[in-house]
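Got two chains here, each in a separate frame; can you build the complex from them with the hints?
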Amino acid sequence: MMSRDVIDIKAETSALHTDKMWVIMGPQHPFSHGLWTLKAQLDGEIVTDAEPIIGYLHRGWEKECENRTYPKIIPMADRLCYAASMTYTHLYCMTVEKALGIDIPEKAKYIRIMADEICRIQSHLMWLAAVGTDLGNLTVFLWAMREREFFMDLNVRMCGARMTTNFPRIGGVRNDIDEEFMMFATRCVERFEKAIWDIISMIDDSSIFVSRMKGTGVLTREKCANLGITGPAMRGTGVDFDVRRDDPYDNYDQIDFDVPVLKEGDSYARYRVRIEELFQSCRIIKQTLQKVKAIGKNAPYRLKVPSKVPAGRSFVRMEDPRGESMMYLVSDGSDKPYRLKVRSPIFVNVSAAKPLVLGSRIADVPAIMAMIDMCLGETDR
Amino acid sequence: MSGEIYQAPSVQEISDLLRDKFSGKAEITGTGERRVYVKADRDSVYDLCVYIHDNLTFEHATSIMGNDMKDHMEVIYHLSNYYTGVIIELTTDLPADDLHVRSVADIWVGGNWHERETYELFGIVFDGHPKLERLLTPDTYEFYPFRKSYKLRGQE
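Residue numbers (our numbering), protein chains in the order written: chain A, 1 to 381; chain B, 1001 to 1156.
These are calculated hints, taken from the structure and not from any lab test.
Accuracy of the hints is not assured; some may be wrong.
[What the hints assert, rightly or not] Now the in silico label distances, taken between C-beta atoms and shown as ranges:
| no. | chain 1 | residue 1 | chain 2 | residue 2 | range |
| --- | --- | --- | --- | --- | --- |
| 1 | A | Asp19 | B | Gln1007 | 26 to 36 Å |
| 2 | A | Glu190 | B | Lys1025 | 56 to 66 Å |
| 3 | A | His29 | B | Asp1097 | 40 to 50 Å |
[Stated by the list, open to error] Cut-off 30 Å, straight-line C-alpha distance, at most; resulting in silico cross-link-like pairs (DSSO-like, lysine-lysine):
| no. | chain 1 | residue 1 | chain 2 | residue 2 |
| --- | --- | --- | --- | --- |
| 4 | B | Lys1039 | A | Lys308 |
| 5 | B | Lys1151 | A | Lys63 |
| 6 | A | Lys39 | B | Lys1131 |
From a predicted model like this one, the values you see are computed outputs, not experimental measurements.
Glycine is no exception: its CB is placed at the ideal position from the N, C-alpha and C atoms.
Next up, chain B with everything else stripped away, as it sits in the complex (with noise of 0.2 Å):
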């Protein structure tokens, strides 16, 4: 997906351009200062956050998280500008059947390890990463700690 480079993008070209590009796969959910939220379907995250790195300059992964949501999961990735400051929220959700998403390792090496711990905490798998292992927990752990049906001491 190749076009124009928008160097220092503002927050409404920024939105005017995603709405415009991937009309149908990902909705603009709200804008602040410095803020774009964006939701966005499983399939298409990886061709959005290729366009955003490669023509929107967003060059830095600032985090790559999941949140259970008991009825399904989310990945939530933090995109950053270094000429702006602004930061896209790029939200995506996973039947919890079927915890899987394009890796985009390889769009930012920094996410790398965010998937790693994403999937060691969450158990969601990152397809195409280049070495998706347990990072914080022992390997011979079987459960995802972070899941809400994990329960602490104290609660239910």
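Here chain A stands alone, though its shape is the one from the complex (with noise of 0.2 Å):
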């Protein structure tokens, strides 16, 4: 029988006891990334309890998609995260698609596919450079915010748009990719697999980068799983999981690419199973470049779809590159949905935020809670 209690890592205590403190982060500091706030009760500067408010945010959002009819959810699925704004569409996409119960052209899988790893980069890069400024290291963030924008012209060669990306359909997507977006995107990725380099050779040689990252906001592989954290954070604590492989969606199962996986469940582990993943993005969107030259110019990369969906129930969960995402339709047979409910990753990890920063200094609190990569826009919904 499994155990259900799983061991806790011995916290440090403070050895002069003094009166505890509660020390309010947030909803506006450096630290929070977005509005949320972390309590956390202070025995001179260890945290001896903590706990995570969020809801600042919150605007009803799958109440409101039982308002609008299914195209319309599309540009609103953009707005759940904006630092990888293609993964929430393609999801909402790929849940409606299986609940009509249809397959969409193999050229429009591949190309989502793609899309959503630009999406990955580019929040992973997004990611970085918050790291950088964190743990107060300001080329950090300009470097990766630099290498971050080649993606976003890349975004709009593919359809026009930056940030909000408005690209999945239902049934495929909006636009074909051109000859000279295939260019561009080879380009772009063989010159960053190279730049990326001068980012992580000024972590990695950093001594004070690397202590402060190594041993804190340790988890074991038991008590990541019980608590539910998904995503880099979890691989870097032992769990080998990925949706993207184990539980494959459109044609991730055509795809040769590796998941990094790291056993020593600290900041550190979490930092290097993200920078593993630019890598293996950047050999998924080679992969699939030549995917779609292969199907060529001229095929399908859009179906036309009814726009009533039929009474049942669907879900997909798809690799989010904060986590596991998941959403839940029912439907009722008319143009609306009855039910969509979305499952945030971050909603989760930011839950376990008292487990990860209990017994660390304060000090180390920012350093921690970036691992997890908050983003509060899908969080709060």
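See below:
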């Protein structure tokens, strides 16, 4: 029988006991990356209790969807997460397609995968920039943002928008990609694979950076799984699971990539998993470009779909840059969803803030929480 | 409830085992590739979840959500296995006049906030929850916004 009370990591305790004090970090605080609050109870400088507070951005997204027809939800899904907007739109379109019981053209599947991976790189670079400022290195911030800009330009070439792209459609994608885009994408990815080493060496060669990440925010594999942490934070803790590989959607089973898993379970392992994922995303983009090229210029990329979805239930989960996201659709045969539920990875990851920061020093809290990669748009919905 | 541990149970094994152990309390309503759909009584949800977690090694609760079907409410659990990628969708019906179900937050700690969210948006009470308070909406709210009886502008 599996034990349900998992072993807690030995927390550091303060030698000199002082009066315990609550420190409120947020909602406007440099570490919070969005509007949320971390209440931390301190004994000296050791965190003895913590409570995350969210909800500042709650706008009733799921309820709003019940009031809109299916295609009108696509631009709303873009706004769930601005750093990787295409992943949620993709997820929403897949859910509706599953409810409709249609299979979309191969070309659209590969284009979507490529768009997802571009978003993954953007999101991870945004995270890298944030980590740079959190740990006090502004050069990392500037360089990561610069690299991200090249992928933003790819977005513009693909669909005309930088951040909220409104690109996937129910039944395919909005437009095809052309030869020129493929050339730019290949060049951009190849350039990036070299340029990222500048940033990596800046972090890894700095003993201050590494010592602030090593050994902080440690979780065991079992505890991490039980807390529901997903995504790179989970794979840095030794759980070998990636929805793209283990429960593939679209055409991820046709693509060759590795899932980086590290067993250390500290912030540094989570950082390294994300860096490795950047390289894997580059690999995936290059493969999808080959596949799209092989399918040919005139292949269909979008299906016409009926506006009404038959009554039923369907759900799809996908690997968001931040973790496992899922949508559950209850349809009633009309042109509006009866209920649409979004499972956001950060919503659950941030609920694990207390076990993550417990026993650490207050100065390490920003470094630990940075590894969660907060995004409040999808957390509060 | 102890017994053998199945670390990477297949869909067939899961449905056979659940049918075997929980006959009369839960029924398998369908299976698919890496999917098992289960419908359970409200009173046996907790035992079923303990069995699924402890013996079938479903370490992760992907989501817990509520759904208002007008004449009754539903709580839907999605439980996932990290070894095989299988998801169990567990549905339970609650009568509209008695919205209580046993909390599973002590089995999967990650279910804690899902249950709080379901409580504040639908008014479903999870008995035994460590801290059942409003999470996303202000504490002063006295209504449950995701119920179908709460109309948005433009809805009738």
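Consistency of the hints with the structure:
1. A/Asp19 <-> B/Gln1007: 26 to 36 Å: violated (48 Å)
2. A/Glu190 <-> B/Lys1025: 56 to 66 Å: holds (58 Å)
3. A/His29 <-> B/Asp1097: 40 to 50 Å: Given about 44 Å between the Cβ atoms, the range holds.
4. B/Lys1039 <-> A/Lys308: Status holds; Cα separation ~27 Å.
5. B/Lys1151 <-> A/Lys63: holds (10 Å)
6. A/Lys39 <-> B/Lys1131: Satisfied, since the Cα-Cα distance of roughly 16 Å is no more than 30 Å.
In summary, the one numbered hint that this structure violates is 1.
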